[in-house]
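Residue numbers (the working numbering), protein chains in the order written: chain U, 1 to 272; chain G, 1001 to 1298.
Worth flagging that the hints you see were computed from the coordinates, not collected in a lab.
This one's a predicted model, so the numbers in the text were calculated from it and none came from an experiment.
C-beta: ideal position from N, C-alpha, C; glycine also.
There could be a bad hint or two in this list.
As the list claims (entries may be wrong) - Dumping the calculated PhoX-like pairs for lysine-lysine here, alpha-carbon to alpha-carbon at most 25 Å:
(1) U:Lys-6 to G:Lys-1111
(2) U:Lys-6 to G:Lys-1093
(3) U:Lys-6 to G:Lys-1074
(4) G:Lys-1246 to U:Lys-268
(5) U:Lys-266 to G:Lys-1074
(6) U:Lys-10 to G:Lys-1122
(7) G:Lys-1093 to U:Lys-10
(8) G:Lys-1016 to U:Lys-268
(9) G:Lys-1016 to G:Lys-1028
(10) U:Lys-10 to G:Lys-1075
(11) U:Lys-6 to G:Lys-1016
(12) U:Lys-266 to G:Lys-1016
Said to hold, decoys possible - Partial list, computed: chain U residues near chain G (C-beta under 8 Å):
(13) Tyr-15
(14) Glu-38
(15) Lys-41
(16) Thr-98
(17) Gln-101
(18) Ile-104
(19) Asp-105
(20) Leu-107
(21) Ser-108
(22) Glu-111
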Amino acid sequence: MLHLLKVDLKKMTSYRTFWVICGLYFLTLGFTTASGMEILKWLASKGAEFGASININRIPLYHFPDIWQNLIWISGLFKIVLAVMVVISITNEYQYRTIRQNIIDGLSRWEFLQSKILTNVLLSLMSVVMILSIALVTGFIYTPTIEWDYFFMGAEFFVAYFLEIFAFLSYALMLGIFIQRSGLTIVLLMLSHMIEAIIKVNIFRSGVEDQIGWLKQFFPLESITNLVPLPFARYALQEIQDYVALSAVAIALVWTILFNYFAYLKLKRADI
Amino acid sequence: METVLSIHKLTKNFGKLCAVNQLDLEVKRGQVFGMLGPNGSGKTTTLGMLMGVVNPTSGSFSWFGEPATHHTRKKIGAVLEHPIFYPYLSGQKNLELNAMIKGADPNNIPKVLETVELTSRKDDKYRTYSLGMKQRLAIASALVSDPIILILDEPTNGLDPMGIAEIREIIKKIAADGKTIILASHLLDEVQKVCTHFAVLKRGTLMHLGPVDDVGKGEEIVEVQAYHDDLGVLLQEFAGSATIKKDNGLFQVMMKDGFHSKDLNRFLFDKGIVASHLATRKKSLEKQFLEILADTKH
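Pulled out of the complex, with its shape left as it was, chain G reads as follows (with noise of 0.2 Å):
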């Protein structure tokens, strides 16, 4: 798969914090690309290097292949932290002077105004909207340009629950497309339903790097409920449970391997038991990043 960004030993110190550390990585066409980590674990620094507004004290990257210049920046559609606009433009004015910039054709400012669904607001000022519809405009201005990759900083942040739907769903629809995109943010939910990649960052060091498929993988936790009072001492008596939690009134048993949910299921038939809920579990995400970064203590 061809290559969209190579980072090679990225640094950058402000004064003697290092807020990015020798950070190394490759996001390949296609790949949805999570990056996660704590606040100030170097996402948006790592991001401001890759789009020309912070200058790297140490280490390259590339674009496409070729050494980052303004002209690779073009072809990114990028959001950084929060939406930044000209505050006594309208929306369509501010998307206006973003395609000018970019080079973009201004004929597609109506298509993106209806994917972020502005196009009833677009000749209001900016300043008179709302924070959702800011991070509106913002993917809106993001995609004006019809960009090969897209980079988004929390995108859903300050949204209420239609928007992060609808946004995850219009990124769905752009990585269907063929797009790359990078997604950093907090909500690891999130990258774990959209990503096909995630990077974590701690203090600025890449703490891992790898498929989202992979995160669980290995490991099966059953969820399982029944009307039985000692459910609890009788799971322990299966042979497949390595261990067993109890978590809103639901057992948790993480099977030992290969053993699977219906040797579970099987078991407690055999007792006479009949499971009023069984689920396989995979690990989540989020319990995977919380061990990355317990893993390494800095």
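Pulled out of the complex, with its shape left as it was, chain U reads as follows (with noise of 0.2 Å):
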């Protein structure tokens, strides 16, 4: 298994498109998580110019354990970019024709995509580790009083974030397998959301929407975003969910078996 995740970072990392997209990715989600009380004044001095005061120091956007959620949905924002990277590392395959060398000279197919599933996880798990240390240094600076009790409420988010993010790669490297080409695949990428957006309005007319609009969740995507709702009402008084539905998770968790799977058989079908 280690020696498959060798192999594809052999690959990544004297490939420079490869450090420069993770570095934006990483050096974009960590300013823009770590920045947030800035962002707050900025909106307070906006809002103070038409005679809205808004207090910031009751919003407590950084506090434990409010934190957790809140800055997991906001890096959820940006897998996008690592999803890029994982198209262009899978359709260079293709437009290379080195996945061709790659069995040829003695990887499974199965195997080499497992050396794609394995630089998913790994990318996934680093956005996971990079944002539980901006959230606990963060978290520590301005928490007015650390209350321990409550501390951890949350942190489950973290697993739901992994699961986030390591779905929407499978979902990309799927795409990538299936297209092959990589500025179409970037195209339908970015265009997902929308797409499955129009299905479900053109399937969830006003009439049925009350008998059959639980089956939303069941949507691919709607799946992924699923597992962390948006935190940022609460600071407007409204009730949010505030924690990790396991249906949300088992949903997400089928798709990015499915995902996986898919890409499986095609690549198993596949002359190369």
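Once you've looked at the hints, go ahead and assemble the two chains, each given alone in its own frame, into the complex.
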């Protein structure tokens, strides 16, 4: 297993595009999640110009335990960048036909796919570690008094976050294996949410929404989004879902397995 | 002799097109096996199936007497069609990656780079290489795992004459080590020079299979030239002449059974003519190849 990961990393670590995209991803991810207070201050100053006063100290954006879900939800927006990297990695193998040589050299098709999946796991884990570190540092800075009883409340969002990233990267990998051309794959990847939304709108017309609306959660991209619900409405005194729904995890997990399984089937049957 | 590769009724259809049709073939240890055939005759498709990148429609094959898996592929060094490498990696890094996949010792890399004379360019990116260098790197990658069997598909494509001669030497050297080589090529001259056995494919069907030494067996062609105006007429009087052709200013006399060049020499001498050129020619593989393909009209 580790050997296969090393094979894929060997391909990537001398590839400048990989470093540029990963660098941009982790930099923007880091800076965005770490500068939430600055953004709030900016919003407050803008608000002050219009005569509305916002007391930013009453918004516990970075307070334990709110911080977990807040930062993780924001971080989820950046996963598209990693997914583009995954698409480039797999479509390069088709464009340069190196997938063919890898298999001639003695990788099985399943091993080839595994090497890509393992890199996806690694990238997802690195995102988790990154956000965990930022959350810990900023949390300790901004939380006025730490209540240890509630400290880990919502820390299970990291499991959901890992799955959110990994599921989306699995989707990107599958798309790359089916389409094989980088440009088209990236465009489809970007449009995926919109395409799914259009399908949903047409299926769940107003007449039938009441009866079959619950089916929406089973759509692949929606299932990924449902893992970490939007937290910020709570600061407008609204009720939010501040826990990870087991059903959401189960559905997203099944989709993740399916994405990788479809990729495997396609690889197995194709002449490369 | 131990069988290295055994192919049984291997077939590949691409839609309606039958690229390889019921192919039966055996390659024994130590053979240098030439696969010949015009473009589109199914050579590369066959090799693709043997190396696991093309799924056979039906039929089977076994390497080293066992059903083929990706583990058996690690014992084979293969380059199909044209060299394939990561353009943004250096030659050295590409070979390291090949060695990793094959489970080969990376300490072999300097040696194989030396064999193909790429040591001085090993740290340059692959995309900066010339076609000849790419071909040579491909051979290096096939050699890196010290394989028992080597598969080369058009290894001299695009090389200059010196490069072709070098590759020929490399192939001979590897063959002398007792390695088995399967060589697909258009260059019949090449095959005749290095191969022990050969097969001819046409539209996916096996047309001929046999040792290269058998080429032209039973027929002797003698090339002759002398300073005599009516040499052609005179040669027809020779009892051993089957057919006479003039080619490039030389007469080519196909001998009847039991006649040899010395008989022709004596005949000319008796007529008072001294030959300025006299050479025995075997029928070339090229000629035999064209005959095989022409014989059977499909």
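Hint-by-hint comparison with the structure:
Straight-line distance between C-alpha atoms of Lys-6 of chain U and Lys-1111 of chain G comes to about 24 Å, which keeps the hinted pair within the 25 Å bound. Between Lys-6 of chain U and Lys-1093 of chain G the CA atoms are separated by roughly 13 Å; this keeps the pair inside 25 Å, and the hint holds. This hinted pair checks out: Lys-6 of chain U and Lys-1074 of chain G have alpha carbons roughly 18 Å apart, not beyond 25 Å. Of the supplied pair hints, the one linking Lys-1246 of chain G and Lys-268 of chain U is violated, its CA atoms being roughly 58 Å apart against a limit of 25 Å.
This hinted pair checks out: Lys-266 of chain U and Lys-1074 of chain G have alpha carbons roughly 23 Å apart, not beyond 25 Å. Among the hinted pairs, Lys-10 of chain U with Lys-1122 of chain G is consistent with the structure: their alpha-carbon atoms are about 17 Å apart, no more than 25 Å. About 8 Å separates the Cα atoms of Lys-1093 of chain G and Lys-10 of chain U, which keeps this hinted pair within 25 Å; it holds. For the suggested pair Lys-1016 of chain G and Lys-268 of chain U, the alpha carbons sit about 22 Å apart, so the restraint of at most 25 Å is met.
Between the alpha carbons of Lys-1016 of chain G and Lys-1028 of chain G the distance comes to roughly 33 Å, so the proposed pair goes past 25 Å and is violated. The suggested pairing of Lys-10 of chain U with Lys-1075 of chain G holds, with an alpha-carbon distance near 22 Å, which does not exceed 25 Å. For the given pair, Lys-6 of chain U sits about 42 Å from Lys-1016 of chain G by alpha-carbon distance, which is inconsistent with the 25 Å threshold. Under the criterion of a C-alpha separation no larger than 25 Å, the hint pairing Lys-266 of chain U with Lys-1016 of chain G is consistent with the structure, at around 22 Å.
This hint holds: Tyr-15 of chain U has a C-beta 5 Å from the nearest C-beta of chain G, less than the 8 Å allowed. Of the supplied interface hints, the one on Glu-38 of chain U is violated, with its beta-carbon coming no nearer than about 38 Å to a beta-carbon of chain G, more than 8 Å. At about 43 Å, the closest approach between the beta carbon of Lys-41 of chain U and any beta carbon in chain G exceeds 8 Å, and the interface hint on this residue is violated. The beta carbon of Thr-98 of chain U is positioned within 8 Å of a beta carbon in chain G (closest approach about 6 Å), and the interface hint is therefore held.
At its closest, the beta carbon of Gln-101 of chain U sits 4 Å from a beta carbon of chain G; the interface hint therefore holds under the 8 Å criterion. At about 5 Å, the closest approach between the beta carbon of Ile-104 of chain U and any beta carbon in chain G falls short of 8 Å, and the interface hint on this residue holds. About 4 Å separates the beta-carbon of Asp-105 of chain U from the nearest beta-carbon of chain G, less than 8 Å, and the hint is met. This hint holds: Leu-107 of chain U has a C-beta 6 Å from the nearest C-beta of chain G, less than the 8 Å allowed.
Interface hint status for Ser-108 of chain U: upheld, as the beta-carbon distance to the closest one in chain G is roughly 4 Å, under 8 Å. Because the closest C-beta pair between Glu-111 of chain U and chain G is about 7 Å apart, less than 8 Å, the hint holds.
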